[in-house]
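> Chains as they are written, first to last, in numbering that gives the first Met the number 0: chain A, 0 to 292; chain B, 0 to 280.
You may find that some hints are simply not true.
[Said to hold, decoys possible] Straight-line distance between alpha carbons at most 30 Å, and here's what the computed DSS-like set of lysine-lysine pairs gives:
{"#": "1", "chain 1": "B", "residue 1": "Lys123", "chain 2": "B", "residue 2": "Lys150"}
{"#": "2", "chain 1": "B", "residue 1": "Lys164", "chain 2": "B", "residue 2": "Lys150"}
{"#": "3", "chain 1": "B", "residue 1": "Lys150", "chain 2": "A", "residue 2": "Lys187"}
{"#": "4", "chain 1": "A", "residue 1": "Lys187", "chain 2": "B", "residue 2": "Lys267"}
Hints were generated in silico from the structure; no laboratory data involved.
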Amino acid sequence: MTPIALRSSPTRTRRRKATSAVMLTLTGLATAVAIVPLIWIIGYVVQTGLPALNADFFTQLPTPAGVSGGGIANALVGSLITVGIGIIIAAPIAVLTAFYAASHANSPLGLAVRFGTDVISGVPSIVMGIFAYALIVLPQRHFSALAGGVVLAFIMLPIIVRTTEEMIRLVPGTLREGSLALGAPEWKTSWRVILPAALNGVLTGLMLGIARAAGEAAPMLFTAFGNPFMNTDINQPIATLPHTIFVYAIAPYADWHAKAWATALVLIVLVLVLNVSARVLVAWRARKLGLSR
Amino acid sequence: MENSLAIKTTVLAQPQVNEAVRVAENAIKMSAQNLSIYYRAFRAVADVTLSIQSNAITAIIGPSGCGKSTLLRTFNRMNDLVPGSHIEGEVMLDGQPLFDSNIDVVDVRRRVGMVFQRPNPFPKSIYDNVAYGPRLYSVTRKSDLNHLVEKSLRAASLWEDVKDKLNQSGMALSGGQQQRLCIARALAVEPEVLLMDEPCSALDPVATLKIEELMQDLKSTYTIVIVTHNMQQAARVSDYTAMMMMRPDRAGEMIEFDVTQKIFTLPKDQRTEDYVTGRFG
């Protein structure tokens with residue numbers, strides 16, 4: 000046994016540097032591989048979808064296969080209506096639930112909320128669709144935008160609850176104490192101090208929920224059903240963007256395939272715009288409040 | 000207002016007999032009698048009896064974990080917020096029992112304000128931070144609010160620093176300014192007592208000095224109780240000092256209470272002497 004050399008030899012230094020270089024290359028490659036699908040998908044959708052896009056695509060109703068022109072105005076309006084119904088139902092319930100779960104984290108109901116939202120967010124959206132079908136469509140005996148909105152609310156709910164709850168927990172307890180020490184009741188403290196302080200997170204949660212719901216096709220099959228005509232009546236079947244993609248994509252017509260890609264492009268851009276504008280808004284608010292530099 | 004002005008005049012007129020006058024004439028603002036504070040079964044503070052003189056600064060000193068903050072937070076019932084906390088004994092505010100079942104805790108906290116260890120301005124504008132309290136008590140007229148905000152910021156000697164940027168976020172101020180903003184926020188609901196829980200421990204010496212000067216100014220209008228780790232600070236600012244210590248069963252007890260000068264020059268208890276001279280532990 001030779002004594003362990005404390006000073007590193009030139010060989011060791013060389014070997015160490017080589018190992019470092021190899022590891023750095025590997026991690027770099029892995030990162031590149033991870034973002035390839037993202038760029039690929041977006042690139043492919045843009046490439047195939049863009050040719051079919053024009054102003055009419057946004058303002059016209061669908062045309063039968065083989066008839067040129069036509070658009071997805073009905074699906075744009077339909078997505079807006081169903082997601083709108085969903086967010087109107089889900090947002091207040093989710094935010095209030097999040098407040099409860101955040102401030103009573105260890106109470107039985109608080110634990111149940113967290114467990115429940117985890118379970119619900121793991122339920123496949125098609126199952127949610129069947130549930131809404133049984134709950135609303137069957138008793139009413141017809142498909143409707145309302146049923147679509149309700150199922151989207153189910154889908155958004157756990158996402159908004161969990162994000163909002165995490166954000167409320169991040170608000171320093173000293174803020175809450177400061178308000179309570181002035182004699183503010185708990186609900187006013189939540190409303191006037193904690194919610195504004197956590198608003199960035201709440202908005203992020205809402206945006207995530209909307210983005211997720213806007214892309215759901217499967218539950219729409221049983222609820223909103225789709226509609227080739229313009230409809231703004233929430234008691235009638237309605238078209239949505241993801242469902243339109245589905246309908247166009249499974250049809251055997253090349254011009255419908257092109258429209259499916261174009262619709263996919265519109266959907267991606269919409270979600271992206273929503274996301275980016277939410278982030279810009281959040282960053283602007285944070286700067287204004289001095290929450291971050 | 001009348002009242003506080005009168006007191007101010009008395010103090011100014013008789014600076015020599017200041018101390019004696021205050022002890023003799025001033026009423027006891029708050030008191031604790033055989034007060035024990037529990038967190039569930041754990042007794043955090045044992046059997047404290049002390050009187051807080053009005054328009055004076057009372058300091059509570061002692062080593063970490065001896066229950067200083069717990070005692071302070073009992074004076075405006077902030078400890079109610081800790082699940083499982085309860086008290087034995089009595090806390091009085093102006094001779095009224097603070098923990099009586101018919102006392103509204105909101106009322107207690109309006110009359111007994113609090114400033115915390117770390118400045119905790121709300122993520123709102125400077126104006127809205129100060130106006131938060133008055134708005135809770137249904138002050139909605141813009142002119143009333145403006146008046147209160149200015150008055151409170153002046154009282155906290157922050158007005159000159161911020162009068163041109165009232166709409167900026169309170170969180171963009173420096174640490175010392177933030178703490179003075181929190182003091183202004185507490186003063187805006189016109190409390191009678193101001194509790195300060197190590198208000199300078201997160202501040203630099205210059206900001207600390209400002210807060211200490213401010214406390215001297217506020218003394219004429221408010222009764223102040225301050226918890227501090229800094230013995231020089233207690234000696235500098237306070238009129239009375241309560242010395243607390245942890246018993247072997249980890250309950251905090253008050254071992255001595257006297258005029259500050261006595262505590263720091265002629266303490267009765269050997270442990271107080273050891274602590275204030277730095278020979279503790």
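> Under the constraints set out in the numbered hints, which ones does this structure not fulfil?
Of the numbered hints, just 4 does not hold.
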